[in-house]
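Asker: These are the residues of each chain, in order.
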Amino acid sequence: MPRIPKLSNKVLIISILSTILAFSNVGNLLAADDKNDVFNPAELINHHILDDYLWHFWDGHYGTLYLPVILYSSDKGLIVFSSHNFFDANHNILDYEGYRYEHGHVSSVDGGSFIDISITKNVLFLFINATVLLWVFFAVARGYKKNIGKAPKGIQSFFEPIILFVRDEIVKPNIGPKYERFLPYMLSLFFFIWFGNLFGLMPGAANLTGNIAVTSILAIFTFVLTIVNTNRNYWKHIFNTPGVPWWLKLPVPLLPTVEIIGIFSKPFSLLLRLFVAITAGHIVVLSLISLTFIFQSYSVGILSALITTFINLIELLVATIQAYVFTLFSSMYIGMAMEEEH
Amino acid sequence: MELLTPGIGLIFWQTVIFLMLVGILSAFVWRPISDALRSREQFIADSLKAAELAKLEIEELKEDNADLIREARLEKDALLKEATHVANKIKDDARAETSKITDKMVAAAKATIETEKKAALTEIKNEVAMLSLAIAEKVIKKNLESDKSQKDLVQQFIKDLKTN
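Just so you know, the protein sequences line up as chains A and B, in that order. Each residue of the first sequence is one higher than the last, beginning at 1 in this note's numbering. Each residue of the second sequence is one higher than the last, beginning at 1 in this note's numbering.
Where hints are given, some of them may not hold.
[Claimed, not checked] Just so you have them, the derived chain A footprint on chain B, three or more residues with Cβ under 8 Å: (1) 3-11; (2) 22-30; (3) 85-91.
[What the hints assert, rightly or not] Using 27 Å as the maximum straight-line C-alpha spacing, the simulated DSS-like pairs for lysine-lysine come out as follows: (4) B:LYS76 <-> B:LYS89; (5) A:LYS150 <-> B:LYS49; (6) A:LYS145 <-> B:LYS49; (7) A:LYS150 <-> A:LYS172; (8) A:LYS172 <-> B:LYS49; (9) A:LYS172 <-> A:LYS153; (10) B:LYS117 <-> B:LYS62; (11) B:LYS138 <-> B:LYS104; (12) B:LYS55 <-> A:LYS150; (13) A:LYS178 <-> A:LYS249.
Simulated from the structure, these hints should not be mistaken for laboratory data. Ideal Cβ placement from N, Cα and C applies to all residues, glycine included.
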């Protein structure tokens, strides 16, 4: 990517200039800033990266989308209601049907246990992500039906190189000859993460792929596929690793212990890496934007806008890289589980 | 830390939606795309192989053509040689025939000439005889008186004629 360094040079020069400007203004700012309305960046950032029962776009009557709350408890049964019921006309928090909403959480007033499968912001975003994926890839598949034996056209020609990249560069070399069985899963995984990452970068979007529940489930699917497809050679490598001195295995099974930890640390690294990379990106972008409101200065605003733009470009890259890495490691783990003795 | 505790709702929905997504995409998207890609790759590979084969075939045909041309040339040469030979033979034969015929004709002409000559000679002889007779008659008529000398003379004439 020859463009990025060029751009980063420009951004660097601009940011240095802006920084000088910004610091020349700090004195002014500190003198002028004695407002009561204290801005709390941590609250803003947490609000953006965490899940919620409503989707806030802007202040005002129509600026918030109240999402359905679905709760199940053994004594009250299944209840479905809008999260709007937690608020009165003046936006004060109310209890509803024995449930209380506070700090983005629903709890039971009497402390009883319940299951919460509400359509939260992230769940809604999950639906949107899945719908867009289906819509896009049905269009791509239609292209293959329409242009049998012809060169790809339109959206089909945009996604074909990516599909081929996933197949030929990620799945095929890492899983080996039996790769075709895992190709649908890997392609779904790649595009789910990639689309989720990209959508997450849009203003006001939910932090779907930066949510630990989402990345955990993806990692668990990979883990299950790995375990289901293990062969004798894989377990032999874990319990009786060939080519290491015997005292590493007996009487204290040092190496087997490490290997067994490895079975679980692999999917754990998967879920953590994606979660951290995406959430960190969001935190960086939001922190830079918050700077403007902390300093309440135009020059800081210009500076942070420029840096944020640049970080956003990096985030576009990260979105793709993380999708690639997750798919790559999933393929590698499955490939390792199926590796034959050599 | 709320950030690090996965919510049960999102776990549930993520599992359901992702499984559905993988199922639907596998059946209606990835499979047909994989098949289409594979068949297209197969088609391209086949086409390349066919092109390679066609090239080889053309090469072979070229060689065959060269052989054919060489053979044709040889045949033509042989034919020409034979034709020349036949023509020469025909010419020779014709010449021989002609000379035979001419010889025959010459011989016939010679024979005719011979016979004609003989006839002419005979005629001449007869004419001479007649002339001699006439002469003799005239002589006889003139020299009737010297009998003996005339007789000798006639005798002499006849003798001369015979030797002729």
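Asker: Are at least 3 residues of the stretch 22-30 of chain B within less than 8 Å of chain A when you compare beta carbons?
Answerer: holds (count 7)
Asker: Has the given pair, LYS145 (chain A) with LYS49 (chain B), been kept, meaning a C-alpha gap of at most 27 Å?
Answerer: holds (26 Å)
Asker: Between the alpha carbons of LYS178 (chain A) and LYS249 (chain A), is the straight-line distance 27 Å or under?
Answerer: violated (32 Å)
Asker: LYS150 (chain A) and LYS172 (chain A): Cα distance at most 27 Å?
Answerer: At roughly 25 Å apart (the allowed maximum being 27 Å), LYS172 (chain A) and LYS150 (chain A) satisfy the hint.
Asker: For LYS172 (chain A) and LYS49 (chain B), compute the direct alpha-carbon distance and say whether it is at most 27 Å.
Answerer: holds (24 Å)
Asker: Just to be careful, I want the Cα atoms of LYS150 (chain A) and LYS49 (chain B) compared with a cutoff of 27 Å; is the pair within it?
Answerer: Status holds; Cα separation ~19 Å.
Asker: Are the Cα positions of LYS138 (chain B) and LYS104 (chain B) separated by 27 Å at most?
Answerer: Cα-Cα ~49 Å, so violated.
Asker: Check whether the Cα positions of LYS76 (chain B) and LYS89 (chain B) lie no farther apart than 27 Å.
Answerer: holds (20 Å)
Asker: Taking 8 Å as the Cβ threshold, is the statement that the stretch 3-11 of chain B is covered by chain A upheld or broken by the three-residue rule?
Answerer: holds (count 9)
Asker: Tell me whether the statement that chain A covers the stretch 85-91 of chain B is true, taking a Cβ distance below 8 Å and needing three residues at minimum.
Answerer: violated (count 0)
Asker: Taken at face value, is the distance from the CA of LYS150 (chain A) to the CA of LYS55 (chain B) at most 27 Å?
Answerer: Holds, because 24 Å separates the two Cα atoms, which is no more than 27 Å.
Asker: Check whether the Cα positions of LYS117 (chain B) and LYS62 (chain B) lie no farther apart than 27 Å.
Answerer: Distance ~80 Å between LYS117 (chain B) and LYS62 (chain B) Cα, so the pair is violated.
Checked against the numbered hints given earlier, this structure breaks hints 3, 10, 11, 13; the rest are met.
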